[in-house]
Amino acid sequence: MSDFYSNNNGMNNMGDNGSTGSESSSNQTNSSTTDGAYSYKKDQINQGESYYQWSPYDDGRKNKKPKKSSSFGAKLGKTTAIALVFGLVAGIAFQSVVAVSNQFINKNTAQITQTQSTGSSSNKKVESSTTSKASATTVSTDVSEIVENVLPAIVQVTNAGLKEYRTFFGTMQQPTTSAGSGIIVSQDEDNIYIATNNHVVSGAETLTITFNDGEAVEGTIKGTDSSCDLAVVSVAMKDIKEDTLSEIKVATLGDSDATVVGEAAIVIGNAMGYGTSVTNGIISAKDREVSITDDDGNVVTNSLLQTNAAVNPGNSGGALLNAKGEVIGIVSAKLAEESVEGMGYAIPISYAWNIIQQMVDNDVVSELEASYLGIAGRDITSEMSEQYEIPVGVYVAQVVAGSGAEAAGIETEDVITSFNGRKVTSVNTLNNIMKYLPAGSTVDVTVARAKNDYKEETIQVTLTHKIESVQ
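Residue numbers (the numbering used here): 1 to 471.
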């Protein structure tokens, strides 16, 4: 029996379009790139219609005529694919420029590169990084004061890992190094905590954090959430020199919900792995739904801020700022195609902060303490939701006898839409929430009831140990 959380194994995302990417040159990276910095597309992004549509009513019951689904690509007047972008430096064996792969959806493709960056306003247990001279809605072309205040909260993240590839002689490994960014968002007596993207730290053997003064120390992954592409890295205070401690700051966080389209925006991060750099523009749009396939093949869909401030490989994990110098987003992706300009995306900080705070405050529970909900489920994507008139979330395909889910009254064909106060869009989201919850935890679960035309109801569920539910 598959469950949402059993050693982090969930069911496959049924909204995956199943297509593969092909290698092609990125307009953000070319042979003139130096120092081995380049864009690399790990997996593809789907902003068009899924090639495969799964219906929870495949058994013939309640069949409804599918409606034409809309997509962000359609709004653009074309179908696009987005690829995560980040700067990579070739491993020990060589340094080169790697072409960014494109995923083709219908005939048109756009590629999104995952970006890794650093930037944020700061207040390292001491001072605030807000800028008094700039207003919330206007900013001059001179953003030097804002940048000066924020740079101490921005770090460069270097991910050294191993990439497997197949040859005639079998599976081989090659050292790789990726260049990204991060934002100092919190600290306690023992550690400082840096927010970044999950794709920035994914697969890391070692992580090196370089502060604004050039001091470099080793960091440790504190927590990750692949369902929203967020991660937290901790650095021990004892490993940081006193001079550096006196310089760095904790970012000042803003209210991304209050952000308005057209207001000034600034991006700070480790673009192309060359070191911290700054670009500026405006907030181009809010609530842009972007779907990205992560390393495990899960489709990650998030509602992001869009900006025309230049976003480049290496900016991922960096800061999107307002004119006060407050962090309003964590840079995560860009749309790259010859016919497309100025479409970068950031995770809104008002959404991200609760998830980041959970990773700062909690550790992933051990396998022995892992919690078990007691259902098998499948993803209901936005396209499927529109076609079959059921909510986005996790469709309950089966309930395990004796589990917490059964005891709470969750039934087959229900859809879980919220779990422990967080919106649920996929099985992967549930996995990432539950890995911080030990067995015995009682959580609020919002369920759209199939027997009541999918009206939502919030119930309490006590999570069990898997072994208890199986007996």
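One or more hints might be untrue.
As the list claims (entries may be wrong) - Only pairs whose alpha carbons sit at most 30 Å apart, straight line, appear in this in silico DSSO-like list of lysine-lysine:
(1) Lys435 / Lys423
(2) Lys455 / Lys423
(3) Lys286 / Lys241
What the hints assert, rightly or not - Restraint ranges, calculated between C-beta atoms of paired labels, are given here:
(4) Glu369 / Ser339: 17 to 27 Å
(5) Gly170 / Glu369: 12 to 22 Å
(6) Gln460 / Lys241: 42 to 52 Å
In short, the hints are calculated from the structure, not lab data. Virtual Cβ for every residue (Gly too), placed ideally from N, Cα, C.
Taking the CB of Gly170 and the CB of Glu369, does the distance hold inside 12 to 22 Å? Distance hint for Gly170, Glu369 is violated at roughly 38 Å.
Verify the CB-CB distance for Gln460 and Lys241 against the hinted window 42 to 52 Å. 49 Å, holds
Holds or violated: Lys435 with Lys423, Cα cutoff 30 Å? 16 Å, holds
Given hint Lys423 paired with Lys455 - CA-CA distance at most 30 Å: Given pair Lys455, Lys423 holds - Cα atoms ~16 Å apart, limit 30 Å.
Please check whether Glu369 and Ser339 have a Cβ separation lying inside 17 to 27 Å. For Glu369 and Ser339 the Cβ distance comes to about 51 Å; the hint is violated.
For a C-alpha distance cap of 30 Å, please report whether Lys286 and Lys241 respect it. 40 Å, violated
When each numbered hint is compared with the structure, violations occur for hints 3, 4, 5.
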